[in-house]
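Chains as they are written, first to last, in our numbering: chain A, 1 to 300; chain B, 1 to 300.
To be clear, the hints were calculated from the coordinates, so they are not data collected in a lab.
Because the structure is a prediction, the values reported are computed rather than measured.
The C-beta atom is built at its ideal place from N, Cα and C for all residues, glycine as well.
Among the hints, erroneous ones may be present.
[Said to hold, decoys possible] Computed beta-carbon distance windows for the label pairs:
| no. | chain 1 | residue 1 | chain 2 | residue 2 | range |
| --- | --- | --- | --- | --- | --- |
| 1 | B | 300 | A | 274 | 48 to 56 Å |
| 2 | B | 211 | A | 211 | 57 to 65 Å |
| 3 | A | 224 | B | 44 | 48 to 56 Å |
| 4 | A | 55 | B | 211 | 25 to 33 Å |
| 5 | B | 69 | A | 274 | 32 to 40 Å |
| 6 | B | 273 | A | 274 | 31 to 39 Å |
| 7 | A | 58 | B | 300 | 51 to 59 Å |
| 8 | B | 211 | A | 224 | 38 to 46 Å |
| 9 | B | 144 | A | 127 | 44 to 52 Å |
| 10 | A | 71 | B | 207 | 29 to 37 Å |
| 11 | A | 42 | B | 134 | 46 to 54 Å |
| 12 | A | 275 | B | 210 | 33 to 41 Å |
| 13 | A | 274 | B | 255 | 30 to 38 Å |
Here is how the chains run, residue by residue.
There are 2 protein chains.
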Amino acid sequence: MQTQIKTAVVGLGSMGYGIASSLLRAGHETYGFDINDAQMKRFQDEGGAKGELKQIASDLDALIVVVLSAAQTQEVLFGEAGVVTHMKAGSVVMACATVPPEFARLMEEKCNALDIHYLDAPISGGSIKAANGQLSIMASGTPEAFTAAESVLDATAETVFKLGDSAGAGSAMKAVNQLLAGVHIATMAEALTFGMTQGVQPDKFLEVISKCAGTSWMLENRAPHIVEGDYTPHSSVNIWPKDLGIVLDIAKSADFDAPISQAAFDQFKKAADMGLGGEDDAAVAKVYAEKVGLNLPSKD
Amino acid sequence: MQTQIKTAVVGLGSMGYGIASSLLRAGHETYGFDINDAQMKRFQDEGGAKGELKQIASDLDALIVVVLSAAQTQEVLFGEAGVVTHMKAGSVVMACATVPPEFARLMEEKCNALDIHYLDAPISGGSIKAANGQLSIMASGTPEAFTAAESVLDATAETVFKLGDSAGAGSAMKAVNQLLAGVHIATMAEALTFGMTQGVQPDKFLEVISKCAGTSWMLENRAPHIVEGDYTPHSSVNIWPKDLGIVLDIAKSADFDAPISQAAFDQFKKAADMGLGGEDDAAVAKVYAEKVGLNLPSKD
Chain A
1 MQTQIKTAVV GLGSMGYGIA SSLLRAGHET YGFDINDAQM KRFQDEGGAK
51 GELKQIASDL DALIVVVLSA AQTQEVLFGE AGVVTHMKAG SVVMACATVP
101 PEFARLMEEK CNALDIHYLD APISGGSIKA ANGQLSIMAS GTPEAFTAAE
151 SVLDATAETV FKLGDSAGAG SAMKAVNQLL AGVHIATMAE ALTFGMTQGV
201 QPDKFLEVIS KCAGTSWMLE NRAPHIVEGD YTPHSSVNIW PKDLGIVLDI
251 AKSADFDAPI SQAAFDQFKK AADMGLGGED DAAVAKVYAE KVGLNLPSKD
Chain B
1 MQTQIKTAVV GLGSMGYGIA SSLLRAGHET YGFDINDAQM KRFQDEGGAK
51 GELKQIASDL DALIVVVLSA AQTQEVLFGE AGVVTHMKAG SVVMACATVP
101 PEFARLMEEK CNALDIHYLD APISGGSIKA ANGQLSIMAS GTPEAFTAAE
151 SVLDATAETV FKLGDSAGAG SAMKAVNQLL AGVHIATMAE ALTFGMTQGV
201 QPDKFLEVIS KCAGTSWMLE NRAPHIVEGD YTPHSSVNIW PKDLGIVLDI
251 AKSADFDAPI SQAAFDQFKK AADMGLGGED DAAVAKVYAE KVGLNLPSKD
């Protein structure tokens with residue numbers, strides 16, 4: 001029988017909400033917190049526990065932080081609310097945002113100083129997998145942190161990559177994955193629109209290239225959005241100036257040249273500057289299309 | 001029962017040799033020509049027909065041109081040897097090099113003026129698939145050109161994409177595929193070496209990323225070469241300044257910005273300038289590694 005634990009998820013966006021729901025479904029007492037009151041209410045209506053984070057923090061076995069950035073992670077853990085200072089010894093913080101490895105190491109150190117375990121646990125897989133408890137988690141931390149987080153990992157992940165026995169390795173692998181994922185989305189957009197200038201229609205592009213050496217996971221996942229003209233954000237343009245920005249910051253501090261990542265970053269930045277930040281990230285194709293006057297497929 | 005035809009393959013490199021062998025295996029009388037006499041001799045020893053191209057041209061049902069560039073294709077078809085002028089009405093030229101769509105249209109026009117069919121037929125799949133008669137062919141041409149090339153396609157291809165009823169569409173799709181394939185190889189190299197600066201070992205990179213959203217066909221095919229330190233050229237660095245150069249030329253003539261392709265082109269160009277042109281294209285990783293002083297895995 002699975003041990004029932006007390007958990008809280010901070011950040012009920014598309015990923016965090018799925019994680020919180022998966023924890024509930026597995027029978028764990030789960031609090032959900034978000035700056036958006038409607039999301040918190042929705043989660044409580046579905047069975048989430050009620051309470052103030054600061055007050056219930058000392059009861060928690062695990063705190064899962066699914067916010068957008070290092071700054072937000074820092075604020076949740078050690079900011080005004082200072083949740084970690086209220087948590088009990090031996091409980092675990094599982095941090096899921098994409099952050100620099102160095103930041104993950106710093107958070108681990110600060111948590112450990114308070115006898116709190118820390119699992120560096122960036123996530124991958126998208127909102128549907130999050131909702132189904134089938135995430136891929138790129139995790140690193142002490143054996144004790146893995147043990148403390150076991151029930152959470154069981155409830156939320158299909159695959160847990162155990163990447164090392166201290167924080168940082170998980171975030172490093174996540175940065176590597178984001179480099180590739182971001183470049184592949186922008187390259188799909190570059191190739192699809194390039195093809196259009198030569199008479200290759202987007203549906204034919206998808207049909208042929210997905211069976212050829214030029215394919216990628218992201219191409220097969222995102223090109224259909226362009227073919228269907230549907231930019232409902234499963235993952236938004238705004239993710240990429242942030243995540244590729246983290247990649248470029250890490251690269252810079254390692255004196256590493258990443259010219260392809262830089263070129264992809266620039267295209268996402270242009271998309272955001274065009275006001276497309278809230279659209280699906282496949283909308284980076286609009287940067288290319290506008291420059292050369294192409295009409296991408298529309299939804300109707 | 002399959003009709004036996006007379007064919008000639010010009011260009012017995014890794015792809016052309018496989019195509020010629022596949023034609024022989026299917027029972028077609030097949031000549032093989034190459035500037036490398038040893039390759040021609042080897043093919044004849046395996047059952048290839050003997051003769052001078054100019055003299056046997058009038059007997060051919062199909063001429064398959066598997067050279068490296070538009071210039072070489074032009075030279076074979078209409079250069080000094082002027083093979084097409086000797087071919088009989090109703091026979092077909094199948095052109096497999098990666099060339100600009102406009103060049104393919106021009107060749108079709110010149111062939112058709114001599115009552116010769118022309119199939120714009122760039123190939124994909126690598127040397128092993130070529131040897132096994134399992135290529136993917138991105139083909140366009142008149143229905144008559146497809147009919148005339150049917151026995152050749154049957155003997156050499158696993159998948160024939162029929163992309164249009166005139167030359168150019170096949171080459172356009174091939175350029176799109178090469179854009180993606182080239183960028184994906186260079187991006188794999190960028191991500192793998194970036195990861196190394198953060199303590200992610202190449203074998204772990206391959207193990208994890210190939211199961212994540214950052215994967216690509218090329219990553220799964222080429223990253224093992226780096227992990228094993230084996231740069232035996234299955235497809236060489238030199239392919240990419242050429243093929244991405246074609247992409248960039250086409251893009252330029254369409255006033256299309258392709259900044260990611262440009263960045264990848266620059267990396268392959270640097271690799272060639274470092275003397276790595278004849279190595280496997282995964283050797284583009286050495287450009288990144290040298291810049292930052294990383295030791296890539298070695299073969300031993």
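Name the hints, by number, that the structure is in violation of. 2, 4, 8 and 13
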